Amino acid sequence: MIEFLLQPLTYAFIQRGLLAAVIVGVLCAVMGTYVVLRGMAFLGDALAHAILPGVAIAYLAGGNLLLGALTTAILVALGIGYFSRQGTIKEDTAIGILFAAALALGVALISSIRTYAVDLSHILFGNVLGVSIADLWLTAALGLLILVTVALLYRPFLIISFDPVLAATMRLPAELLRSVMLILLALTVVISLQTVGVGLAAAMLVTPAATAYLLTRRLLPMMLVSALIGAFSSLAGLYLSYYLNVVSGSAIVLTATAIFLVVFLLKRGKR
Amino acid sequence: MLTQTPHRLEIENISIAYGEKTILKNVSFQVPHGGRVAVVGPNGAGKSTLFKALVGLLPFTGGQILIHGLPLGHHQDCVAYIPQREEVDWRFPVTVRDVVAMGRYGKQGWFRRLARADREAVDRSLAEMQISNLAGASISDLSGGQQQRVFLARALAQDPHILLMDEPFTGVDLTTQEATFNLLDTLRAREVTAIISTHDLNLAATRFDLVLLLNKGVVSYGEPQEVLKQENLKRAFGSSLLVTENGALLVDECCPPDADHPHEHHTEAEELYD
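Residue numbers (the numbering used here), protein chains in the order written: chain A, 1 to 271; chain B, 1 to 274.
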């Protein structure tokens, strides 16, 4: 058994992949708590797809893919806020428009690359074993930034999510807080690009948090349980991917889904 | 506890619009400190809209809203708002105690642990609303009356100067209704001004100091017997007001065309003797 667990770790690139996967698992799970509670699943999915053009431009220009993704994600997050702010169009409509446009632009750009199929599959489904030392540092730094911000803004985020009117009577800057939350979400999605890819990032945002929602009755425990499930899914998924020789992103997401199904069925059995 | 004077609420000629559509026009009224005002009017009259403007959630044009003689926004958290029960996400993962503790966040900054004084205020509020035994319960496990008490307790914990309640008497049991009025009596002793919207004209006539009759603007404002007269009610409720032979007034509101309260689709009949 120990041999089974340690053997993959003899490779440095797998160690890096594991670390990155666990960081991503935890971050997605924590931000996912708000995604689930505020009904932002569609937004998370949209953000994940919307970073495609940024990645493509960075790739074509030979720049850092993560930075390219980061820039687009923040632009799209703010764009959605801008289009839906005055209530001119509904938020999910704004998301739908920007999401589809960004995805189309991204695919158009990537289709101009010669090694189209391989690169696209890495972006869509992640390439956790290709994580470089620099990527790992960037992931860890952004991850720390996100977690510290979430911890500092725990109460304001709780209030704007649970009771916007109370937020108004307390003179909380709700619009600003919502933008901060969107940017944190965008950062999380960008980081998760490496491990689960654009196509499956939304699952890592939603599934662990939804599982934790079934198991807990307070926000902080929900976040912690969600983080635990996210971390475990990433670890277990990566081992599965190593031994069964399947794509890492799929293995991670399917592990998280399996945990959700077990919890859901157990909970239903009790009633 | 209450340091700022003059202790009152003044609304001076404000209008509120959603985009192009004006909901309330030229609204003016003043409430003395400790006053208890019932806001009545047909569905779509702008009751909820007025409340949203009072808490600063909706922008208004024209005049100004003054609390203690100062414009809205100069006060940290002297307004407590108790939402309609349908507006709350009861499946949100918080306990009764969590919700009541939110009432203290504004006092203690947003980052520090709640001080002992805050925790005591939370305990006291829970005890006053007789829900101490439910402190650890998830809000999803509560009955309608209990849900209302949680928000009443939070308002108490907020230690407000002005309390706004949107339809607190719709769909609650008599015990909760009386608990609400007991709370209002407690708050009156602390000179807290209460503004409460209701469909129940009997309650408005008998248990409030002042009545604000709304329909897209102020139809009438003053003491209940002055305001709740046939001609005023006719102007506010229009064709949904029926006058029977013995002088009884019947307000029949079914299927409102205008969705001020989108969740209400039941018939409400209130009788009032003029």
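Hints listed in this document are in silico derivations from the structure and should not be mistaken for laboratory results.
Note that the coordinates shown come from a computational prediction; the quantities given were computed from them, not determined experimentally.
Don't take each hint at face value.
[Claimed, not checked] If we take Cβ atoms under 10 Å as the criterion, some of the chain B residues that face chain A in the derived model are:
#1 I16
#2 G19
#3 F29
#4 H33
#5 K52
#6 V55
#7 V79
#8 P93
#9 W110
#10 E231
#11 R235
In this text, a Cβ means the ideal position worked out from N, Cα and C, and glycines have one as well.
Exercise. Quick one: which hint numbers does this structure break? Sort them smallest to largest.
Key: 1, 3, 4, 10, 11
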